[in-house]
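Protein chains: 4
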Amino acid sequence: MVVVLEKNITEKQLENIIKHLEDFGFAVHKSTGVEQTILGAIGVQPNFDTRKVQILEGVAEVYRITEPFKLASRSFKKENTEIIVDDTKIGGNEIIVMAGPCSVESEEQIMAIAEIVAASGAKILRGGAFKPRTSPYSFQGLGESGLKMLRKAADKFKLKVITEVMEIGQIKLIEEYTDVFQVGARNMQNFSLLKELGKANKPVMLKRGLAATIEDWLMSAEYILSNGNVNVMLCERGIRTFETYTRNTFDLSAIPVVHKRSHLPVIADPSHALGMRDKVIPMARAAVAAGADGIMVEVHHDPEKALSDGPQALFPGQFFDMMKQIRLIAEVIGRKIN
Amino acid sequence: MVVVLEKNITEKQLENIIKHLEDFGFAVHKSTGVEQTILGAIGVQPNFDTRKVQILEGVAEVYRITEPFKLASRSFKKENTEIIVDDTKIGGNEIIVMAGPCSVESEEQIMAIAEIVAASGAKILRGGAFKPRTSPYSFQGLGESGLKMLRKAADKFKLKVITEVMEIGQIKLIEEYTDVFQVGARNMQNFSLLKELGKANKPVMLKRGLAATIEDWLMSAEYILSNGNVNVMLCERGIRTFETYTRNTFDLSAIPVVHKRSHLPVIADPSHALGMRDKVIPMARAAVAAGADGIMVEVHHDPEKALSDGPQALFPGQFFDMMKQIRLIAEVIGRKIN
Amino acid sequence: MVVVLEKNITEKQLENIIKHLEDFGFAVHKSTGVEQTILGAIGVQPNFDTRKVQILEGVAEVYRITEPFKLASRSFKKENTEIIVDDTKIGGNEIIVMAGPCSVESEEQIMAIAEIVAASGAKILRGGAFKPRTSPYSFQGLGESGLKMLRKAADKFKLKVITEVMEIGQIKLIEEYTDVFQVGARNMQNFSLLKELGKANKPVMLKRGLAATIEDWLMSAEYILSNGNVNVMLCERGIRTFETYTRNTFDLSAIPVVHKRSHLPVIADPSHALGMRDKVIPMARAAVAAGADGIMVEVHHDPEKALSDGPQALFPGQFFDMMKQIRLIAEVIGRKIN
Amino acid sequence: MVVVLEKNITEKQLENIIKHLEDFGFAVHKSTGVEQTILGAIGVQPNFDTRKVQILEGVAEVYRITEPFKLASRSFKKENTEIIVDDTKIGGNEIIVMAGPCSVESEEQIMAIAEIVAASGAKILRGGAFKPRTSPYSFQGLGESGLKMLRKAADKFKLKVITEVMEIGQIKLIEEYTDVFQVGARNMQNFSLLKELGKANKPVMLKRGLAATIEDWLMSAEYILSNGNVNVMLCERGIRTFETYTRNTFDLSAIPVVHKRSHLPVIADPSHALGMRDKVIPMARAAVAAGADGIMVEVHHDPEKALSDGPQALFPGQFFDMMKQIRLIAEVIGRKIN
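Residue numbers (the working numbering), protein chains in the order written: chain A, 1 to 338; chain B, 1001 to 1338; chain C, 2001 to 2338; chain D, 3001 to 3338.
Any given hint could be a false lead.
[Stated by the list, open to error] Calculated pairs, EDC-like style, for lysine to aspartate or glutamate (alpha carbon to alpha carbon, straight line, at most 20 Å):
1) D:K3260 / B:E1061
2) D:K3070 / B:D1278
3) A:K52 / B:D1278
4) A:K78 / C:E2006
5) A:K305 / B:E1022
6) D:K3078 / B:E1061
7) C:K2078 / B:D1278
8) C:K2052 / D:D3049
9) C:K2305 / D:D3049
10) D:K3052 / C:D2278
Hints listed in this document are in silico derivations from the structure and should not be mistaken for laboratory results. Just so you know, these numbers come straight off a predicted model, no measurement behind them.
Generate coordinates for the entire structure from the input sequences, incorporating the hints supplied.
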């Protein structure tokens, strides 16, 4: 922590500040300049509440000098985290595609879509059985029977499964059916849920909250990591901005930033970011060009009949076109898509 | 729903749009102007996904014309909701003050603070036993023993209790000790939790999420209301903006807006919005002047030693001063504080 | 400036960083802790681009430790700035009310409104002659003839005048008619205009930009101050947030924050922040309760016929009611309104 | 405009609303549903202030149904606007690269950089002579002598010139030297400047404001277009969000959105959006993949010595690598870069 002192600080105020810092357990170094004096307060307290010092008389500003996350940081672990799901590796040179419907609606539906997904070369089937809907009156998912259909479809077409978990009470059940847990944007700071997923046996994909900074997001990953589950991947799905012509603003800059700050893989989800299928393909291309380790998109064999989020689901033909284009872009940057 | 058509729409596109609307269950009215034609689509589907129409050829814009919340709306219920907690009424002419520490730390601490709170005329004692902290390494609360201390202190000084619930598994336990459940900003869209609180027997105070619009907030209230619990109050505690000189931006405009749109009471929490005690008093005054039905503030008998959020806790003397000032302002607008 | 080094920095990287800092003109102090080393770089370069250091190998973070503004800061000038406009003082104990229409529309209109404004006890008449409208097709103001009408009306009722300047070419003209220049939110970072106003002979009220932080705002004030005009007051008029139920979000927390950081007076404009007259009165009360040095509101003798912004203009009766209420609230906090 | 009526509206209120609408010049169509009645108000008033109706008794909501911009809209002009600057066409199939330093610093500097820019195949040389700096104490540009150097360097290497104009008084001067005017983000709503540029004889590149929606941006373009200058291109350069790990958030979704709503070309500037050179290359690739019509980047022969924005300038080697990669990505989507 660095404490910047007010220019006209009194000797007594300075002593009081130093005493407080020492009481808080810091070693204090003083640097005196012509116009300004600063104190360096060194110690191992990443979560010290700097406002305790900010509020003392004579203090102008206080800066925390350590990132508040540890296990998620690149300085803790230099090499990229690679997450192994059977024969699929997330976070390596290959860019992984996850695709499927918003919600599992019926066995016919998920089978039809799984076939398309597998045919495209994508590796992971997505589909919701428990749906976090903004309105209590919207379709809330099929629950366990949806999970069964999803697993069955994935197995038939040799795909892996990712599906969303919304509460602690669902973890055990979902773990029986899924390969990867998904935590939605609205639960990014549901710390109780994150803690329990830290004790689960399957990898977790943590979506970024609508108004979360990258630091907030990595702090939430830290909750999972510090409880023992090291298989965490992040998913950028758009943030809230003032723009109303798109559902959210797809923050692709987050990809190189996370890669610098953290060793965790980053997936990009253009379907939820954009909300309308005609914008999904250019943004999927852009995500690959920006360095994403994976792409999650919604695809439906009959989007007009989808029970939820149909307007953002790609038609099968669009999905195959997208796969073709992103494969070529992956090559340009020395990566590959199956 | 109103569908604005593109200027150069073809007859075939128009027919297709009307057919879709009718299939979705709407009655369609056409208004043709010199430059533009619009369709009014009337029907009782508050949560219809308007993107299903937006995506059709020939459609320029689509507007939902009904608020997506029902039970929370002023048009559903004209009179203000008044929530009775024994002899205390929230949402009436009296402005209710809730005060106490961020966290319950020990019996001595909560007893000392409860005495101050009671002496000031405030009615409800706040204090966290389960704490949602951004960092997994920060103090997470005393759990059930904290709840016991909180109840004991409140009972001794004839106060009511409000405390935070973070997960479904805690509801039953907390209900034994508290008079009002608090849902924190980060859980505002934890829909699983909200549904279960809709079945609980105690009132719920729902804090506004950091990036939630007022509509989002009322939709979350709708989750509780539609599950049967009509005793819901809202709490404005600051939203995230670009400003960094304050912890959050206290959105006092939300108070008159909520009062127009909804019948639910609105509490204002300047302590969490501002994050530094020197800004709490002017903003508590402003909240009362803006029409808040209650004020929640943090007060501590020894803020410098507080285990969490000490810098935003008022000293007892400041708290008494604040009470004096807000009593006078309440009078100016024809309300009262005990 | 404080430079936090990476944990695994090499000796060579450290030397290179120190050499760069010294070349940039800083004196360097090193503080070595168990886990982390930091460098204090002391020197008088408030606008040094810290990214020049951020980008060096071995640097984890860089923090600027001085506020980038000087003349606007409380540490430069301890006492509140008081701006004298004849017999009216802005920034003293008295809270000044500025009121009038959005635009000057005709002599009859501005005369009728000036009479109302004067009768209420307000001191300054507002009214636009040059209007910055989002659309090129909207009413753009009466220009010089509007200025003449405004001056005439103010003189007749012994009021002072405030009106907006939009470009350098208008300064000389407007200076003949106005007592205070107003710079609108959209021109807050029109640095060319601010520089020229720094050479003008009348005080300037600088409105906060829609997405400006308080630091940005004070930096813009610095442009005027550093060019020689010390009579600068600030005006909070709402910032852009995600909320759509109000035109803008009125950031009343900015008032105590500016008072701590700067010596300049702060005016609050609830009319532009809220955009609808029914929300203006509670927010004017809240602004006074929060400590504003002045209130600017729109009032019109016939708001339904106003050429611009009619819906946010108060009716005369509402305006008189507001004055009554804010006078009482001013007293509660030891201030007064004429 | 669509007017949604309150459910319990009285007959008298309804008549009053209809009368007002007719007085405002609208033709009114009524659609009555089971639960709700709506009025369609048809007429040619794109800038009608809908709050005038919003405020009437019995009105629940009002929606404007026409885009407020006309000349900038795709419905006004179906084909893409192509802007011809001698032998260079902006807005066609070719993606145009604009590159150069932040500021012109000396003849040697701009000559050295122009040589690099030309060698890479880029067509347009950028460089500031008048600089809008947040601080009055920062380098403000060389003025006219900078313009001369820029023109000379461009001519020598057969490049075109783009440079920023900050105020009306500079237009004539800059027009002598530049091929394209640049309007910076902070001047996006400097309407006086935009009007005058509408009368200028050179194309204008309008940068998006830090907190501007795409609609705001197109409205500002409308100011230029409606004053007669049809050669307008837009430039996305990052918007302000809560993120602090990057300078701004690069909104690449804006590219497909603008292409749908407007016929104007869109350039993307990753240097200003990201602010640090290591993030510029992936985001330049992403911008091309997303469909940008041009890329603007900062490059410097010696970035460490740059007088402004050095940390975001590419080294020459990085710039050549970037050109190679974006050429390949352009091919994937059927476009080309020289």
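Structure-based check of all given hints:
1. Between K3260 (chain D) and E1061 (chain B), the direct Cα distance comes to roughly 13 Å. Compliance with the 20 Å bound is thereby established for this hinted pair.
2. This hinted pair does not check out: K3070 (chain D) and D1278 (chain B) have alpha carbons roughly 50 Å apart, beyond 20 Å.
3. With a CA separation close to 13 Å, the supplied pair K52 (chain A) and D1278 (chain B) stays within the 20 Å bound.
4. A hinted pair counts as satisfied when its Cα atoms are at most 20 Å apart, and K78 (chain A) with E2006 (chain C) qualifies at roughly 12 Å.
5. Distance check on the hinted pair: K305 (chain A) and E1022 (chain B) sit about 15 Å apart at the alpha-carbon level, within 20 Å; holds.
6. Straight-line distance between C-alpha atoms of K3078 (chain D) and E1061 (chain B) comes to about 18 Å, which keeps the hinted pair within the 20 Å bound.
7. Between K2078 (chain C) and D1278 (chain B), the direct Cα distance comes to roughly 18 Å. Compliance with the 20 Å bound is thereby established for this hinted pair.
8. Between K2052 (chain C) and D3049 (chain D) the alpha-carbon distance is near 48 Å, which puts this suggested pair outside the 20 Å criterion.
9. Proposed proximity of K2305 (chain C) and D3049 (chain D) is supported: the alpha carbons are some 12 Å apart, at most 20 Å.
10. Between K3052 (chain D) and D2278 (chain C), the direct Cα distance comes to roughly 13 Å. Compliance with the 20 Å bound is thereby established for this hinted pair.
Violated hints, in rising order: 2, 8; the structure is consistent with all others.
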